[in-house]
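Participant: Sequence:
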Amino acid sequence: MPCYRCGARQTDPVRGASPWQRGVRNESQVLICPDCQRLHDLDLDACATCASTALICRLGEVECRSCGAVRLARSSDPLSPAGPVASPPGLSAEVEAALNRVLGRA
1 MPCYRCGARQ
11 TDPVRGASPW
21 QRGVRNESQV
31 LICPDCQRLH
41 DLDLDACATC
51 ASTALICRLG
61 EVECRSCGAV
71 RLARSSDPLS
81 PAGPVASPPG
91 LSAEVEAALN
101 RVLGRA
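Take 1 as the starting number for the sequence shown in our numbering and just add one per residue.
Derived from the structure by calculation, the hints contain no laboratory data.
The beta-carbon is built from N, C-alpha and C at its ideal position, and this holds for glycine as well.
Hints are supplied without guarantee of correctness; some may be wrong.
Stated by the list, open to error - Each pair of labels, with its calculated beta carbon distance range:
| hint | residue 1 | residue 2 | range |
| --- | --- | --- | --- |
| 1 | Ala93 | Cys6 | 14 to 22 Å |
| 2 | Leu91 | Cys36 | 35 to 43 Å |
| 3 | Ala69 | Leu99 | 25 to 33 Å |
| 4 | Leu103 | Arg58 | 28 to 36 Å |
| 5 | Arg105 | Leu42 | 14 to 22 Å |
| 6 | Cys50 | Leu99 | 41 to 49 Å |
| 7 | Arg101 | Ala8 | 13 to 21 Å |
| 8 | Leu72 | Arg101 | 34 to 42 Å |
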């Protein structure tokens, strides 16, 4: 998953904690690269209880890592608890190129 602001992709991690940050934006889990984390206006969703942006989204729920509040994620699609998830542009081409490299295709 790329950075939601600049589109940068994660590289193979080094030992230790990842410098990438998770967040929730428009009811979807997003990643924020180290460069974009320096920006003050990340436009992330905030907790209704404590106003923290330290949220995680999983299985149709949004949980605040600061105060522990949990709520259902709002959805425009009644069949999907977390709403539709769109693939980033160009992702299918990147996946195809990676498979070709790994499988030794020309």
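Participant: Which numbered hints does this structure break?
Facilitator: 2, 3, 5
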